[in-house]
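Asks: Residue numbers (the working numbering), protein chains in the order written: chain A, 1 to 275; chain B, 1 to 223.
Honestly, I wouldn't trust all of these hints.
[Stated by the list, open to error] Computed beta-carbon distance windows for the label pairs:
#1 S43/B <-> Q147/A: 29 to 35 Å
#2 A102/A <-> A28/B: 39 to 45 Å
#3 S105/A <-> V213/B: 53 to 59 Å
#4 F140/B <-> S105/A: 24 to 30 Å
#5 V108/A <-> I197/B: 23 to 29 Å
#6 A28/B <-> N75/A: 32 to 38 Å
#7 C26/A <-> E170/B: 39 to 45 Å
[What the hints assert, rightly or not] Over the 10 Å line for every Cβ pair with chain A, so calculated as not near, a few chain B residues:
#8 A28
#9 A36
#10 R42
#11 R50
#12 I149
#13 M205
[To be verified] Going by beta-carbon spacing under 8 Å, a handful of chain B positions derived as facing chain A:
#14 I107
#15 M193
#16 G194
Hints are computed from structural coordinates only; laboratory data are not their basis. For clarity, every value in this text was computed on a predicted model and none was experimentally measured. C-beta atoms are modelled at their ideal positions from N, C-alpha and C, and glycine is treated no differently.
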Amino acid sequence: MTTTTLSDHIPDLNLITFYAETRRSCFTVMSPWTKFLLLFLIICLVTLSGNIVTIAGLYCVILAAYAGARLPLRNLFAWYALPALFVLSFVGIMAWNEPGIAIISFSVAGQSLVLTDNGILLVIMLLLKALAVMTYSLFFLMTTRYQHFSAMIYRIFPSPIDQIFLMAYRFLFLTLAMTGSILKAVRSRGGGLIHSISMQGRLSAEIFALVFIRSFERSERVHKAMIARGFSGSYSTAVEVPAIHLYEYGIIGICATMVIVVALNDTAVGGLVTL
Amino acid sequence: MQAGILSVAHIHLEDGSFTLFWVIVWWAIALLLISAALFWVRSVKKTDNRKITLAAFCTAAAFAIFQVSIPLFGGVHLNLTPLIGILAGPAIGSFVVLIINILSAAIGHGGWGMIGANLLVNVIEVVIGYTVYRALKKIFTGAFIRGGIATFAGLFCGNIAMIAIILLSEIQGVSQSKSQILAGLSLLAGVNMGVAIIEAVITGMIIAYILRVRPDMLESERP
Chain A
1 MTTTTLSDHI PDLNLITFYA ETRRSCFTVM SPWTKFLLLF LIICLVTLSG NIVTIAGLYC
61 VILAAYAGAR LPLRNLFAWY ALPALFVLSF VGIMAWNEPG IAIISFSVAG QSLVLTDNGI
121 LLVIMLLLKA LAVMTYSLFF LMTTRYQHFS AMIYRIFPSP IDQIFLMAYR FLFLTLAMTG
181 SILKAVRSRG GGLIHSISMQ GRLSAEIFAL VFIRSFERSE RVHKAMIARG FSGSYSTAVE
241 VPAIHLYEYG IIGICATMVI VVALNDTAVG GLVTL
Chain B
1 MQAGILSVAH IHLEDGSFTL FWVIVWWAIA LLLISAALFW VRSVKKTDNR KITLAAFCTA
61 AAFAIFQVSI PLFGGVHLNL TPLIGILAGP AIGSFVVLII NILSAAIGHG GWGMIGANLL
121 VNVIEVVIGY TVYRALKKIF TGAFIRGGIA TFAGLFCGNI AMIAIILLSE IQGVSQSKSQ
181 ILAGLSLLAG VNMGVAIIEA VITGMIIAYI LRVRPDMLES ERP
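Chain B extracted, bound-state conformation:
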């Protein structure tokens, strides 16, 4: 399943894109989010060892699947962040995307300094994916539709977050005005949203399949 062209549902920022100030700002916000998730898992909704083992396998599976190129439209790589939210929930899902971001940075898929900004985008995708999937429970009974809409909503919000982060931080070396940058980013976001539709359809199918075979796997199906 190899392909020449690559596409992903959203891009990961590389090191050197932002100034040191913004690197620190996004890292600080990301650490706050992770601390809130840690507090939730440790104090509010105590997590058992079984769930930790599951999260570890979820991390490994998501990282492995990212490496597979789907032979559609020249080759598509999926991020699966909304699916992680639906499977593991927002708190554990945040840990999973943190680890995936670190592993990804280690192999050049996104920068180390950019983990804060990338994590922020991913956490938004995880939380929106989980929330929309649960919220649609009363409206749609089909897991495919719910999963697809939740994934698209998650990736859409992630894209908006990415554009907002880039507009606020500004790319080092780019001397264009914010409106010019926005025009360029809109083009990129348009391409990303096209890939997001593919990811939404495939995630919908994955969730429908999992619900048919192992419904107990889905955290968002629990009361």
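Isolated chain A, as found in the complex:
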């Protein structure tokens, strides 16, 4: 666990940036706009398709691309914890009493609870959808350089959202490191051994308040330094985002066609595998 890794189940931004800046593959030379458009198409596909085979296939293709870019698979599986928790806590409740073949059934306080095959399929389907998009998002982050992301943010968002975004992205690493340092200091003084709920609550609150206060003070210092260097309210980026190559238009076109065909097919076919 590095200073910036505050939790093993949440993606480590330092590690992500390290891969984005150092790891070279055929995906890193691709235009970030192409990867952005592919993300849009993947979201469309998982939103439109109700076919578990299609979604499982999509997930496998994305995972293969992730592995092909020589990105860390073990970390990826650890990072799946949070989206899995969201899906399970959200759909896990609704999966019960879905119509279908009963697999598990019992009653609680006079209410019968039945878990059917369709209920399980529903959970698997939404989990695969979440993991497919998450894996591609991380693949996008880990194969695109920081300067290109900055340039994209500058072009997409209106002011002052772009300014806040760009500065926040820049400060995020400092803040994560600072939070990590504070937590280390607390642990080294025995903070991790406290078992009292009220003491733990107060300690956590003071750590969080300290993070905000230090961030506030740092922002004041940074702002003064920026003013001294001629900052006039515009945090602009001079980097050009690599344009979409001709062959990439072909990839986008093929993928868009596939999304339309699959979506139309899944909507029309129905059947057992279609939820």
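For this one, chain A is given, so just place chain B on it according to the hints.
Replies: Below, chain B alone, put in the same frame as chain A:
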């Protein structure tokens, strides 16, 4: 500060949960809200560069704190959306939660297509948190009580918004009736509200601490 079980004061919806129609509807409403906040910041209450820098650090701090698991009841992650409202105000707070939602979607905490719906829930938490905190100024003098009540009110309204959004949109693949879905969601909301109490207490403590050390940081304390 690691824990095995995770809890958050409200859940974030993942991609594929809603149909394309509802994804577009919630995105459109969220964009309208952000446009209104942009108009407010640009034309009505002009924001200086200092505030933009502060908002950026607020975003980074809130995102960093979300990653810390509090070792209570198996591990709790805080959203801090009402606190963002109290610290930055509703307009800048809306920008902050927009950016946090985008950063979160990038790491799998909520879907890209669901940013509209998630943002709507978060903006409600930000606005209610800020409004209740200010409204309670004349009733309670203690920052802890005000902060705690404002946070709980914000998260409570956020939970109601989340349930309303899910009931209206319906989850793809779920064939249960609205009343059955509501029963399931009520159970989830009950758990979320339990975590919201923890977040309310901790936010109250954070605000009391900040007010003691740097009172000028709180936007909602300004006249």
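Asks: Now tell me if each hint is right for this structure.
Replies: Going through the hints against the structure:
With their beta carbons about 32 Å apart, S43/B and Q147/A fall inside the hinted range of 29 to 35 Å. Distance hint check for A102/A and A28/B: the Cβ-Cβ separation is about 41 Å, which falls inside the suggested range of 39 to 45 Å. Checked against the hint of 53 to 59 Å, the pair S105/A and V213/B passes, with Cβ atoms roughly 56 Å apart. Between F140/B and S105/A the CB atoms are about 50 Å apart, so this pair departs from the stated range of 24 to 30 Å.
Between V108/A and I197/B the beta carbon distance is about 25 Å. The supplied range of 23 to 29 Å therefore holds. Separation of A28/B from N75/A is about 36 Å and conforms to the stated range, judged on CB atoms against 32 to 38 Å. At roughly 41 Å, the beta-carbon separation of C26/A and E170/B lies within the given 39 to 45 Å, and the hint holds. Under the 10 Å C-beta cut-off, the non-interface status given to A28/B relative to chain A holds; the minimum distance is some 15 Å.
No beta-carbon of chain A is positioned within 10 Å of the beta-carbon of A36/B; the least distance is around 13 Å. Not every CB of chain A is more than 10 Å from the CB of R42/B (nearest about 8 Å), against its label as outside the interface. Residue placement check: R50/B does not keep its beta carbon more than 10 Å from all beta carbons of chain A (closest about 5 Å). Here I149/B stays apart from chain A, with its beta-carbon at least about 16 Å from theirs, past the 10 Å limit.
Interface exclusion of M205/B from chain A breaks down, the closest Cβ pair being 3 Å apart, not more than 10 Å. Here the hint on I107/B is kept, as its CB sits about 4 Å from the closest CB of chain A, short of 8 Å. For M193/B, the interface hint is violated, the least distance from its beta-carbon to any beta-carbon of chain A being 14 Å, above 8 Å. Interface hint status for G194/B: violated, as the beta-carbon distance to the closest one in chain A is roughly 13 Å, over 8 Å.
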